[in-house]
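**Q** The lines below spell out each chain.
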Amino acid sequence: MRAQPAVTVGADGLSCYTANLAAYLDRYPGDALDRIARSVRLAVRTDLPAGLLAFSHHDEPLNVVDGHSRLEYASAPEPDRALEAVTHELTDHGQVLVLANAATMAWSVTGSAPAPHFLLVDDRRPARTAEPEHGLGQGLGLGQGQGLGLGLGRGTEWHVVDRFTALRPEGHQPPFTGWISTPALLRCLTPITPQPAVHRLRNEHAFGFPASLPPEGQHQWLARTGPPDMDHGQTRLPGRWLTDIAEVLELLEALWTTRPDPSRHLDDLWAAAQHRTFRYARLRQARAPTGLAAAALDEAAAAWRDLPMALHFANHSARRGRPRPAMVKATFARLRQAELAAHEVATALGYANTTTDRTPDWKPR
Amino acid sequence: MPEPSDTLVDAVGLAVRRIVVRESRLSVDPAAIRDDEPLDGELLRVTSVGLLGMLVRLEDELDVTLPDDIFAGRSFRTVADLIDVVTSGCAHSPR
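These protein sequence lines map, in sequence, to chains Y and G. Throughout the first sequence, residue numbering follows my numbering, covering 1 to 365 in sequence. Throughout the second sequence, residue numbering follows my numbering, covering 366 to 460 in sequence.
Bound conformation, chain Y alone:
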C-alpha cells in the first residue's frame, strides 16, 4: 500500500528539483518545507572555465535525509537495470526520486526544450491495460525485444508525483499525480545527451553542495546511501564562490550589462527567484509579520518575481540591437534595496540565513 504523502500545500513556488525533493523529505520527521525555506541562499561559483557560473541555492545539504542516510545520484546504461534499481528503492524506502527530462514528460509545458527535473515515484502495480508493443522503445533507441528483460517493465504501472507547479514563460505548469506505464516512465528518464554544461552544474548543485554525477547518457535516480559525512565534503563549496548576496547581485548585474549573451543562466536566476519568493512566503506564514515588516517581505518577493521577466526582455532587446543596461541596473537596484529591508525583517524574526546573507555594512547603492 502506498503511503499518502504528507505534503499537500505549500510547495508552490519551489523549483523543478526542490518541489519533489520536498515531497520526498516530508515523509520523514521534521518540517521539510521549513527546512528548505530556511536553507535558501544564492551563492555563485566564479572560477569555472569559459565564464560559466555555478549556482548554489541552499546552505545546508538537502540530500541528507535524516541522521543516518543521504541521497546520491546513481545510474545505469540500460533501461531494465534502471527499473530494477528503482524497484529496489521502492521496496526498501517506499519512494524514489528519478532524474527526469521535462521535455519527455507528457504533462510538462516546456515543450521540446530538455530540462533536468526530479520526479517522485512512490508505487508500482501490475498494469491494468496492455501496453502497445511499439511504445516500449520510443525515444529510447531500443530495438524490438530489447530492454526490460527482467519482467519489471512490461505490464507494470508506476505511480508518479510531480508537485512542481509554476507560471513558466511557456504557460502555467500544473502539478501531476497519477499512474503511468513503463514506456512513459522510461520516456521521462530519457537522458539528456549531450548534456549542456549548465545542466550538469544544476544537477551537481541541486542539494546546495556539489554531488558526484554519474556518467553522461545514463538513466539516473537518487539512491539512499550511508550516513552523511558532514565534515568532509558534504558541506563544502570547492573553488571560488561568492556567498554574500550583495556581491552576488553585483556580479549578476555586471553579467547582464557587460557580457554578450548571459541567457544560458536565465533558468538559474529563475530558480533563484522561485526559491527567494518561497522563502519569504514561508516566513510570512511562519511569523505572521504585520505593517512595514510584512510590506518589506512582499516587496522583496515582488522584486524577485519581476527579475526573470526583466532579464528576459533585456536579452530579447540586446539580441535585436537594442541593449537595455539602464533597465537591468534599475531592476537590480530595486532588488538590492528590497533585499536589504527583507534581510532586516528576517533577522528580527529569527529567520536569517546566518552563513550567506549580506554583511552588516552592506548599503544599497
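No lab work stands behind these hints: they were computed from the structure. Being a predicted model, the structure only gives us computed values, none of them experimental.
Examples of chain Y residues lying across from chain G (beta carbon under 8 Å, computed):
| # | residue |
| --- | --- |
| 1 | G171 |
| 2 | D306 |
| 3 | M309 |
| 4 | A310 |
| 5 | F313 |
| 6 | H316 |
| 7 | S317 |
| 8 | A326 |
| 9 | R334 |
A virtual CB, placed ideally from N, CA and C, is assigned to each residue, including glycine.
Chain Y is already provided as a structure; the job is to place chain G on it using the hints.
**A** Just chain G now, with coordinates in the frame of chain Y:
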C-alpha cells in the same frame, strides 16, 4: 509630463489590439477587443513568453522605447494594462 493625446492613445490601442489578436491566433476584428479583456482568459491566450514578444514587436512597430521600470511591480492582466505601458513609452520616446 503632458497627457498623451487621444490620437496617440487610439493608435497605441489599435496596435496593441492587433498584436494580442495575432498572438492569440484569433480571427476577430481587433477593434472588438475590449480594454478590460484579460490577456490570459477565455478569449485571449497570452503567455509570459508571448507577452515579451509582443512588447518587443510593439517597440519596433511604434518606434518607441518602453520604460526601464516596465516590470517593476507592474502586472499585465488586461489589454488596458498593455496600452498604458506602451503609451507611457511613447511619451518618453524621442519623436
